[in-house]
Amino acid sequence: MRRRLPVLALLLALPGPAEAHLVGVEFGEFYAGALHLTLAPEYLAGLLGLAVLSGLQAKPVAVWSVLALPLALTLGAFAGVLAPGLSAQGLQSAIGASLLAVGLLGLIAVALPGWALGLATFGLGVVHGYDNGASAAGSEVDWRLYAAGIAVAGTVIGTLLTGLAVALVEQMRPARLGLRVLASWIATVGLLFLALTLLQNPG
Amino acid sequence: MQRILFILTAILTPSLAVAHAGEGVAGGLVSGLLHPVLGPDHLVAMVAVGLWGAQLGRPLLILLPLAFPLVMALGGVMGLADLPLPGVEIGIALSALILGLVVAMAFRAPVWLAVVLVGVFAVFHGFAHGKELPEAASPIAYGIGFMLATGMLHLAGIAIGLLNDWKELGPRIVRGCGAAIALLGLVFLGGALGLT
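Chains as they are written, first to last, in the numbering used here: chain X, 37 to 239; chain P, 56 to 251.
Errors might be hidden in some of the hints.
[Unchecked claim] If you only want the chain P side, here are some residues facing chain X, beta carbon under 7 angstroms, derived:
id, residue
1, Gln57
2, Val132
3, Met202
4, Trp221
5, Gly225
Quick caveat, the hints were computed from the structure, so don't treat them as lab data. Since we're looking at a predicted model, the values are computed, not measured. Every residue, glycine too, gets a C-beta built ideally from N, C-alpha and C.
When you get a sec, could you build the whole thing from the sequences and use the hints?
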């Protein structure tokens, strides 16, 4: 085993081909949608915030988030690509507000009923999905693939993060404190983002 | 032989090209991460918050790192809104001096006083970060970066502060760190007042 390790390390270190333009391959627009969500910190922070909030709930309650997220992201993403009329500034403010809200709820570790967590997830998912979907407005991408990419990427990341948070709390009690600290950071970023969007573009 | 292979592998691994570190999400994240770390006045004050939390134990061990970022965000909003806050540099220098002193003296502050003290200083740090936010390549990435760096510095302070449980020598080391931070704070204060 020890002899194989250097070989394995060498193989891992080999540079792979650069695939900066995945839109050129089959289903490229699916990946373009997936990457649009995956490469933007505000969307990842939102999914992380939801996962933290879900991890601080009882397991049967956390399931509501896992169920509501794909539905919300799909609805939001398809609405975004088909009817991208909402103002960009309003959407950015809504994203900042959503980060602030899930961060604060996580910080105080409030015990939510299942429907309330589902509703919070739905709200955040629709807003983030819509903002992602609207980014394809005016382009000639296949909107179905693009929106599906957004919904699938967000669902996979959100579900994995939620599972990780729930498992961490179950295995290690102090993880609850760690999640609450993380929630305070997300609330901080949300507040700053919200203030930035409101103050930079008043009215 | 195996070690040499490992070392060669590590050396030959291609690193990321960072020709445009100041651009896009990566640029914003990097500049946010570096802002608290490369500013020694920010750095020592953040570490002092962690040290003091560790000295005071629960609930302040958790409360201080929870309260600091939120109040810092309020300071950041003040900076973004261009609200007047006189003596920002003096406030930041004072935070290092005072927080260093309370650690050096192992001051057992009541919960409310510790939160208020740390909260007041957090406003000055947040204000300085907030002023730089709009100029960042990606403001949200910058915010995430400086938040992560701040949190890591708190954690570093808490980790050092855990030496407090190490009989006899541990508490002295922690208090010594506090004294060093207070001395640095004095130097920063001299600089902020134009004395050095």
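Now for the hints, and whether the structure bears them out:
no.: 1; hint: Gln57; result: 6 angstroms, holds
no.: 2; hint: Val132; result: 4 angstroms, holds
no.: 3; hint: Met202; result: 5 angstroms, holds
no.: 4; hint: Trp221; result: 20 angstroms, violated
no.: 5; hint: Gly225; result: 21 angstroms, violated
When the structure is compared with the earlier hints, violations turn up for hints 4 and 5 and for no others.
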